[in-house]
Amino acid sequence: MGSLIEIKDNPAQEGFLWTRVDELVNWGRKNSLWPMPLGLSCCGIELMAMIGPKFDLARFGAEAARFSPRQADLMVVAGTLTWKMAEACRTIYDQMPDPKWVIAMGVCSSSGGMYDSYSVVQGVDSILPVDVYVPGCPPRPDAVIDAILKLQKKIERERPVELLLQGANTDEGIGTRRFDRAPNRGVPTTRSHEFLPPGQVSDR
Amino acid sequence: MSAQTTSTKVFEYNPTALQGDDPLHGELMELNMGPQHPATHGVLRIKVVLDGETMKEIEPVVGYLHRGKEKTCESLGWRKFFPHTDRLDYVQPLMNNCAYAIALEKLGGVPVPERGQIIRVMLMEMSRIAAHLIYLGTTAIDLGAVTMFFFTFKERETIYTFLDAYTGHRMNNTYVRIGGVYADVNEDVGREIEKWCEHFLGAVDEYEKMLTGNRIWYDRNHNIGIVNKELALAWSLTGPNLRGSGFEWDLRKQQPYSSYERFNFEIPVGTTGDCYDRYLVRVEEMRQSTRIIQQAVKLLRDTRGGEFLADDRRYVLPPKGKVHTSMEELIHQFKIVTDMALPKGEAYGAVESSKGELGFYVVSDGTSHPLRCHIRAPGLMNVQAIPVVMRDRLFSDTVSIIGSLDFVMGEVDR
Amino acid sequence: MTSTQERVQAALDGLQASISSARDGMPTITVPADKVHEAVQRLKERAGFETNTLVTAVDHYPAEPRYELCWQFLSVSHNDRVRLHARIGGDQPTVASIIDLFPGAAYSERECFDMFGVVFTGHTGLKRLLMPEEYDHFPLRKDFPHHGIEPDRLYREWDRKRRERPSNTAFRQEEGAH
Numbered sequence: 001m002g003s004l005i006e007i008k009d010n011p012a013q014e015g016f017l018w019t020r021v022d023e024l025v026n027w028g029r030k031n032s033l034w035p036m037p038l039g040l041s042c043c044g045i046e047l048m049a050m051i052g053p054k055f056d057l058a059r060f061g062a063e064a065a066r067f068s069p070r071q072a073d074l075m076v077v078a079g080t081l082t083w084k085m086a087e088a089c090r091t092i093y094d095q096m097p098d099p100k101w102v103i104a105m106g107v108c109s110s111s112g113g114m115y116d117s118y119s120v121v122q123g124v125d126s127i128l129p130v131d132v133y134v135p136g137c138p139p140r141p142d143a144v145i146d147a148i149l150k151l152q153k154k155i156e157r158e159r160p161v162e163l164l165l166q167g168a169n170t171d172e173g174i175g176t177r178r179f180d181r182a183p184n185r186g187v188p189t190t191r192s193h194e195f196l197p198p199g200q201v202s203d204r
Numbered sequence: 001m002s003a004q005t006t007s008t009k010v011f012e013y014n015p016t017a018l019q020g021d022d023p024l025h026g027e028l029m030e031l032n033m034g035p036q037h038p039a040t041h042g043v044l045r046i047k048v049v050l051d052g053e054t055m056k057e058i059e060p061v062v063g064y065l066h067r068g069k070e071k072t073c074e075s076l077g078w079r080k081f082f083p084h085t086d087r088l089d090y091v092q093p094l095m096n097n098c099a100y101a102i103a104l105e106k107l108g109g110v111p112v113p114e115r116g117q118i119i120r121v122m123l124m125e126m127s128r129i130a131a132h133l134i135y136l137g138t139t140a141i142d143l144g145a146v147t148m149f150f151f152t153f154k155e156r157e158t159i160y161t162f163l164d165a166y167t168g169h170r171m172n173n174t175y176v177r178i179g180g181v182y183a184d185v186n187e188d189v190g191r192e193i194e195k196w197c198e199h200f201l202g203a204v205d206e207y208e209k210m211l212t213g214n215r216i217w218y219d220r221n222h223n224i225g226i227v228n229k230e231l232a233l234a235w236s237l238t239g240p241n242l243r244g245s246g247f248e249w250d251l252r253k254q255q256p257y258s259s260y261e262r263f264n265f266e267i268p269v270g271t272t273g274d275c276y277d278r279y280l281v282r283v284e285e286m287r288q289s290t291r292i293i294q295q296a297v298k299l300l301r302d303t304r305g306g307e308f309l310a311d312d313r314r315y316v317l318p319p320k321g322k323v324h325t326s327m328e329e330l331i332h333q334f335k336i337v338t339d340m341a342l343p344k345g346e347a348y349g350a351v352e353s354s355k356g357e358l359g360f361y362v363v364s365d366g367t368s369h370p371l372r373c374h375i376r377a378p379g380l381m382n383v384q385a386i387p388v389v390m391r392d393r394l395f396s397d398t399v400s401i402i403g404s405l406d407f408v409m410g411e412v413d414r
Numbered sequence: 001m002t003s004t005q006e007r008v009q010a011a012l013d014g015l016q017a018s019i020s021s022a023r024d025g026m027p028t029i030t031v032p033a034d035k036v037h038e039a040v041q042r043l044k045e046r047a048g049f050e051t052n053t054l055v056t057a058v059d060h061y062p063a064e065p066r067y068e069l070c071w072q073f074l075s076v077s078h079n080d081r082v083r084l085h086a087r088i089g090g091d092q093p094t095v096a097s098i099i100d101l102f103p104g105a106a107y108s109e110r111e112c113f114d115m116f117g118v119v120f121t122g123h124t125g126l127k128r129l130l131m132p133e134e135y136d137h138f139p140l141r142k143d144f145p146h147h148g149i150e151p152d153r154l155y156r157e158w159d160r161k162r163r164e165r166p167s168n169t170a171f172r173q174e175e176g177a178h
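Chains A, B and C, in that order, give the protein sequences.
Residue 1 is where the first sequence starts when you use this note's numbering, and the numbers rise one by one after that.
Residue 1 is where the second sequence starts when you use this note's numbering, and the numbers rise one by one after that.
Residue 1 is where the third sequence starts when you use this note's numbering, and the numbers rise one by one after that.
Don't read these hints as lab results, they were simulated from the structure.
Fair warning: there could be bad hints in the mix.
[As the list claims (entries may be wrong)] Straight-line C-alpha distance at most 25 Å; calculated PhoX-like pairs for lysine-lysine:
(1) A:K54 - B:K209
(2) C:K142 - B:K47
(3) B:K80 - C:K44
(4) A:K154 - A:K100
(5) B:K195 - B:K229
(6) B:K253 - B:K298
(7) B:K80 - B:K344
(8) C:K44 - B:K47
(9) C:K44 - B:K229
(10) A:K54 - B:K154
(11) B:K80 - B:K320
(12) C:K44 - B:K253
(13) B:K344 - B:K322
(14) B:K56 - B:K229
(15) B:K56 - C:K142
(16) B:K253 - B:K80
(17) C:K161 - A:K100
(18) B:K47 - A:K54
(19) B:K335 - B:K80
(20) B:K335 - B:K322
(21) C:K127 - B:K344
(22) B:K320 - B:K298
[Unchecked claim] Stretch by stretch, here's where chain C covers chain B in the computed footprint (C-beta under 8 Å, at least three residues):
(23) 105-113
(24) 117-129
(25) 176-182
(26) 195-203
(27) 248-262
(28) 359-368
(29) 371-382
Glycine included, every Cβ here is placed at the ideal spot set by N, Cα and C.
Please construct the entire structure, taking both the sequences and the accompanying hints into account.
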């Protein structure tokens, strides 16, 4: 009884009952992650291999790959994101209902990868909040399964009841990096900078 | 069909012009099959104007995976571009590498030793089988035959295991160099590949048992997406799209490269050029590729101990052991890594990939930075043919046709 | 001269074409820019080249004329290939489109326009292929930097409009916090 009164006054203080509810909710969420494979390029093939028979993703409850974002809760950005595709990617992320998580699979979505060119987003975290980054080009399906297990551990640490009591609104996306951080910054490696007008550096 | 062959009407995408006063047909609906879609085989966007279920106007929009590869080649240099070629048509791991190497070898005048050529043939044919397995698995799952996806990916995993054992990585191997391949093939791997080839021929029979006589598969693919020879040649289609129409054109036979003239294999062709014929062509190509691999493994046994990398000081790195001990090799390595230049001129090297003619048009001005490297991607021509083949068909045929024209957005967009 | 070169020479008689052999052995023809369509028509009708393999351009930046356009054709009946070059330059580089002869060149020409800014007259539907349609620059020109010029500009504009749009869930705030 005492713990219930405590929660009403100060929702941030955990009571025994609410941690149990938290655990239950987190257990349900982490064992039934429904991935939405945003298979953009080569990593998409390894993603398909992960859902395939050898590296069976169904063991972790994540077999129901839903291509509609409205029915999924885990977005796996597998492949290179270009600025032309970025609008669609952000729209898809916005269409996913809460709770949602993002795995940036492969180096292209984590940081732009080997493409430091005029059309590639240097890391999908320029436009979305990312939970787990998986390096590799492409990462082995084992690595992505490891990422999903790490994500499950991360979900265990969440506090859904507290968020509910606080009335948190995650419309804007929390983000691990600020969007204003300038993307596509790098060292020029081409001689085309020789042809630029004097005073203009090759990258904005 | 002949009216469609040379008509340029497909580029006038004007949906309002089609509205009529026919009470039976009513309003046209514009539908977007967006860049994110399970059945578009990558990030392809198709804008469709529908009259009921019939497609009146189709416009594919590409470029959602444009990574600036041709510009990257000009920045990086010839040798450092090899990993980028891998990611072009990412379902056939080593075919793109070989095509690029062949173009560069033509430009530089580098002959590839016999064993290097045979290893390349073996790797290219394994890539072709892998690509056709993806075609089969994904097209079948798009049409509802979900089991095929698991069956074909199981075989793909075995191919990946071989490539992992041989090259060190499952896909995007970057194993080919100017003048040959990076390292020699292990005898054990060869023996396992031979055993697998026997098993794989049985697996292909299993796939045929599941699909070829299947009433649903036949109904969804027969008389759909017909591409005859004139249409294919007018629209620059090559590969199974051209061979499905009954015309036997395969670069491996017509303009042999990399010692393909030593191998015995046949070129399957279709009859009518519909999706079903292209499916049969690809399944038979898998069998012929298995045959080539078996011959290649035997030849590798015969050429044991042969050179797999050309001995050309201008383009081929010296063995690493010598680099650490001998001054001359150190300078030689330094020069190649920093300042490798191909002679001034242009060359075009093409291979018969699983989608068609994959070619690299390379232009050099004699300096260490390339002047131009253009990638002739067969997928781009296949995407171009989508409106031609899909017009006035039902919307559900979209999936069959896209799967059957078979393209990979990595090479379409580059 | 090989038989291919002889056949091509005979077909292009009178068009100021110069034929040579490139490093890969392919006969390479150079024609003036205004004779391109005529040359391609003759190659198709008289020399038997049924299909077009590629259409692309090379930017020789400081040199004028700046762009060297390249067409390549394949003859399946004679089993050979030929390459055609033409140099064009100026602020608005234009050349005739060949899609009335080879419809398969459509996307390649669009890509040339997208990457270099070369306008193909007679190509209905000449718009960008690989870059977004509102993009301002031509990436494969030599004076365009490798990292691009403000590559995220279009996305930022779209994102600003997205943030300013009233949210679908705005009604939640009206009812008061949970």
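Taking the hints in turn, this is what the structure says about them:
1. A:K54 - B:K209: It holds: about 23 Å lies between the C-alpha atoms, which stays within 25 Å.
2. C:K142 - B:K47: 34 Å, violated
3. B:K80 - C:K44: 38 Å, violated
4. A:K154 - A:K100: Answer holds: A:K154 to A:K100 is near 13 Å, not above 25 Å.
5. B:K195 - B:K229: 38 Å, violated
6. B:K253 - B:K298: Distance ~21 Å between B:K253 and B:K298 Cα, so the pair holds.
7. B:K80 - B:K344: OK: B:K80 and B:K344 at ~19 Å, within 25 Å.
8. C:K44 - B:K47: Violated, because 33 Å separates the two Cα atoms, which is more than 25 Å.
9. C:K44 - B:K229: 16 Å, holds
10. A:K54 - B:K154: It holds: about 7 Å lies between the C-alpha atoms, which stays within 25 Å.
11. B:K80 - B:K320: 18 Å, holds
12. C:K44 - B:K253: 24 Å, holds
13. B:K344 - B:K322: 30 Å, violated
14. B:K56 - B:K229: 24 Å, holds
15. B:K56 - C:K142: Violated, at roughly 41 Å.
16. B:K253 - B:K80: 31 Å, violated
17. C:K161 - A:K100: Holds - the C-alpha atoms of A:K100 and C:K161 are around 23 Å apart, at most 25 Å.
18. B:K47 - A:K54: 36 Å, violated
19. B:K335 - B:K80: Roughly 14 Å between the alpha carbons, so the hint for B:K335 and B:K80 holds.
20. B:K335 - B:K322: 15 Å, holds
21. C:K127 - B:K344: 33 Å, violated
22. B:K320 - B:K298: Violated, at about 29 Å.
23. 105-113: Contact hint for the stretch 105-113 of chain B vs chain C: holds, 3 residues under 8 Å.
24. 117-129: violated (count 0)
25. 176-182: violated (count 0)
26. 195-203: Coverage by chain C is violated here, the residue count being 0 at a Cβ distance below 8 Å.
27. 248-262: holds (count 3)
28. 359-368: holds (count 3)
29. 371-382: holds (count 6)
The earlier numbered hints that this structure contradicts are 2, 3, 5, 8, 13, 15, 16, 18, 21, 22, 24, 25 and 26.
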